[in-house]
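Novice: One-letter residues, chain by chain:
Number of protein chains: 2
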Amino acid sequence: MPAQPDACLAALAAAFPPAALLQGGAIPARNLQDTSYLPPETPLAVVRPDTPQGVAEAVRICARHGVAVVPQGGLTGLAGGAHPLAGAVMLSLERLAGIEEMDTAASTMTVRAGTPLEVIQRAADEAGFLVPLDLGARGSCQIGGNLGTNAGGNRVIRYGMAREMVLGLEYVLPDGTLVTSLNKMIKNNAGYDLKQLFIGSEGTLGIITRAVLRMQPKPGCVNAALCGMESYADVVALLGAARRGLGPMLSAFEVMWDDYWHEVTETVGVRAPLAGRHALYVLIEAQGLSEAVDGPRFQSWIESQFEAGLIGDAAVSQSMGDVAAFWAMRDACSEFGSRLGPHVAFDVGLPVARMDDFAKACKARLAERVPDAFSVYYGHIGDGNLHLVALSRGAAVQPMGLISAAVYETVRDFDGTISAEHGIGLLKKSYLGHTRSPQELALMRRLKAAMDPQGILNPGKVFDMEDKA
Amino acid sequence: MPAQPDACLAALAAAFPPAALLQGGAIPARNLQDTSYLPPETPLAVVRPDTPQGVAEAVRICARHGVAVVPQGGLTGLAGGAHPLAGAVMLSLERLAGIEEMDTAASTMTVRAGTPLEVIQRAADEAGFLVPLDLGARGSCQIGGNLGTNAGGNRVIRYGMAREMVLGLEYVLPDGTLVTSLNKMIKNNAGYDLKQLFIGSEGTLGIITRAVLRMQPKPGCVNAALCGMESYADVVALLGAARRGLGPMLSAFEVMWDDYWHEVTETVGVRAPLAGRHALYVLIEAQGLSEAVDGPRFQSWIESQFEAGLIGDAAVSQSMGDVAAFWAMRDACSEFGSRLGPHVAFDVGLPVARMDDFAKACKARLAERVPDAFSVYYGHIGDGNLHLVALSRGAAVQPMGLISAAVYETVRDFDGTISAEHGIGLLKKSYLGHTRSPQELALMRRLKAAMDPQGILNPGKVFDMEDKA
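Sequence order for the protein chains is A and B.
At position 439 of the first sequence (counting the first as 1) the number is 450 in the working numbering, and the numbers step up by one without a gap.
At position 117 of the second sequence (counting the first as 1) the number is 128 in the working numbering, and the numbers step up by one without a gap.
A portion of the hints provided could be inaccurate.
If chains are identical, the list can't say which one is meant, so a pair holds when it fits in one copy or spans any two.
To be verified - List of simulated lysine to any residue pairs, SDA-like, C-alpha gap at most 20 angstroms:
id	residue 1	residue 2
1	229	252
2	440	320
3	229	171
4	371	116
5	440	318
6	371	280
7	229	255
8	440	205
9	440	334
Please keep in mind that the hints were generated in silico from the structure rather than gathered at the bench.
Just so you know, these numbers come straight off a predicted model, no measurement behind them.
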């Protein structure tokens with residue numbers, strides 16, 4: 012069907028009040044791009060329903076007029092999944108916000124898609140629970156976007172990805188059908204687990220409107236250590252020892268390569284909480300039940316790793332201030348933009364055993380292909396997630412294509428994934444075949460065609476319907 | 012396409028050696044039914060490939076000849092998902108067995124679909140890890156079937172369902188395409204998470220051939236308590252307290268209603284490890300890191316619940332023998348078949364807060380509709396999973412339809428699920444609409460049609476393609 016934008020706008024204007032339908036100059040600048048920083052794009056309109064039925068109605072109107080719909084949450088995505096498309100209607104969930112129910116018996120919270128993650132975290136905390144999903148953008152990202160992209164974060168090793176926190180889901184299909192399945196039970200094997208289709212598919216199969224989240228008990232104490240390590244083999248051995256010795260208390264196992272550490276202390280200027288230079292640095296965090304029992308247990312576990320000769324040097328937290336100081340080293344990467352200048356940031360995944368070999372191979376390939384190449388490595392190693400930042404020193408414009416190709420080809424050589432947690436969106440879709448087989452890509456296209464035969468919903472995100480390979 | 016059974020058999024005979032293709036009298040009796048005990052059915056043939064490529068080839072041949080394929084694992088399913096269909100080829104995974112790889116750095120194990128669960132558990136244990144999936148049929152069930160049905164079990168409250176234990180999957184599509192995606196990373200957001208489609212869809216969308224399982228650290232100690240409770244409100248309060256006080260150590264929270272307890276002690280004849288009669292009984296289990304630290308912690312947590320007045324009476328384990336004696340009360344339901352005589356067993360799910368009201372309503376409805384109705388209640392309450400056993404005392408033939416309708420209608424009234432962990436198969440498909448909406452059923456049918464347009468794979472299981480409502 013050829014798109015009928017004028018008739019679509021007229022139908023939207025008839026169905027929604029002016030506050031829910033913005034056009035032209037009335038569209039706020041923030042709706043014109045997401046955090047992928049692709050060039051701003053002005054869409055046909057922004058519609059902002061405040062009920063699930065309103066979302067369904069908006070999608071139904073667009074589908075009937077052959078107009079594409081792009082869902083928008085907090086616009087904090089880094090891969091371009093919520094970037095506007097010319098001629099499309101942006102469907103913003105921002106007014107469909109708020110917590111609908113807290114069921115303390117079931118340990119669940121029912122939330123609307125547009126609720127900021129931080130609001131959810133705070134509500135759980137006030138009720139004596141924990142919603143363990145956490146990421147830097149917590150203040151502005153929205154739960155609908157977190158689920159649509161299957162967000163990760165720092166404590167995946169203990170609590171899993173966003174997918175693992177969802178018990179029930181409500182969503183709108185590409186034809187405007189509203190499907191409400193707000194299940195609260197941990198066990199429910201009655202037919203296909205349809206919600207899995209909408210978590211992590213970046214708004215290409217449906218638009219999430221509400222969710223039932225599983226809450227966890229609030230930890231009673233946090234202990235951490237920053238360890239200097241002499242080899243990657245020791246890091247892998249320490250990860251195994253931490254899993255055995257700290258069990259489910261282990262809440263983070265972050266590794267920083269020496270090049271990263273050097274940049275953070277010298278260029279960003281963070282004061283190192285550990286003296287001396289080491290080949291690698293590990294930040295271990297354990298969330299316990301009570302400081303009286305778990306504090307001494309953590310301390311004695313660290314000591315046993317010293318005695319076993321696994322750790323060269325370590326600082327152990329004596330206070331929450333120490334824990335924060337250790338994390339400051341890891342979080343300093345957020346300053347790279349202002350300190351290193353323009354660069355390309357990657358979020359890749361690799362089998363744990365091969366990470367150091369990958370880092371070496373990647374550095375070598377970058378050196379070979381990119382003039383004055385520079386790169387540093389760090390990440391959530393316990394989850395198989397490596398971050399890296401690369402650039403061509405002194406280049407007026409960063410050779411993004413050259414750098415990306417070098418990194419993603421190395422990822423392919425090491426059986427890794429081109430996206431561990433940020434998703435594919437627009438920025439990475441040309442590399443999706445580095446990680447997924449032709450059979451998998453064909454199956455994704457078949458699903459998309461079956462669910463969205465008109466190609467209405469967030470078209471061209473994640474993959475193109477035509478195989479251009 | 013009309014089925015061409017003779018040509019299909021000829022093509023299978025040309026592709027597979029005699030040991031891999033059984034027909035007529037050569038088909039073992041065990042392949043003629045599963046543990047749903049539906050009347051035995053003789054299929055066209057049983058094919059038993061020993062490679063993933065062989066599975067793909069068998070499916071391809073059947074698809075080309077329009078012959079249906081029913082996957083079979085250990086045949087321990089209770090809902091009829093693997094029950095043979097007349098005229099279909101049974102695809103048994105039994106010869107595609109064995110552990111392919113153990114990656115201790117990534118904490119993963121790569122296994123073939125026909126591997127018995129117990130073999131996997133033992134291999135993990137010997138390598139110092141835990142595969143936490145566990146159920147009664149562990150000796151004969153196979154991992155492919157466990158994943159195809161998204162098996163649950165006793166420790167879901169801590170470790171999740173089978174779905175949560177899968178990192179990578181290989182499967183054969185209904186047209187015989189083999190898709191290999193043996194991912195080992197906890198974080199992988201590169202495109203749709205296709206494996207979710209094949210976990211829990213009971214072999215209707217694809218046949219699982221291999222899987223990468225996530226292993227957990229082995230617990231260092233186990234503590235348990237059996238508590239007598241005076242009200243269901245106290246049980247819910249105790250669950251909340253256990254979540255807070257034991258955190259991730261909490262590995263089971265099982266509740267037995269007084270009627271169940273009475274049957275187990277009086278009819279089955281298990282010696283009660285706790286004196287006196289109570290309204291409800293709770294079995295709490297905690298898996299800790301070390302007895303020296305976690306034993307006293309568990310003991311003192313139980314004492315604090317006494318002091319808070321939540322627990323009326325309790326026995327606390329002093330040995331693994333005590334833990335086993337507590338579990339014997341819970342596991343005694345496996346004797347109901349021989350002690351209570353013919354009965355109908357249910358595996359339903361309910362919001363935690365409503366379980367006791369459900370039990371009362373269900374008992375009342377059964378009394379109203381079924382002559383001399385008798386029922387008892389117990390389950391994995393922390394997971395929202397309730398089991399119940401019902402029968403008409405003295406009936407020569409159990410009125411299965413009457414009993415099922417009474418129970419499932421009550422489940423519908425209480426927003427529960429008709430299957431928490433056993434699946435739908437053949438036995439429950441006429442009740443699927445009690446739990447899933449018409450929109451959800453339409454979406455399941457749309458997925459099935461897109462993935463399997465010929466309707467070749469396990470047809471008529473979970474739901475029928477025609478909406479008979």
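Novice: Check each numbered hint from earlier against the structure, then list the numbers of those it violates in ascending order.
Specialist: 2, 5, 6, 9
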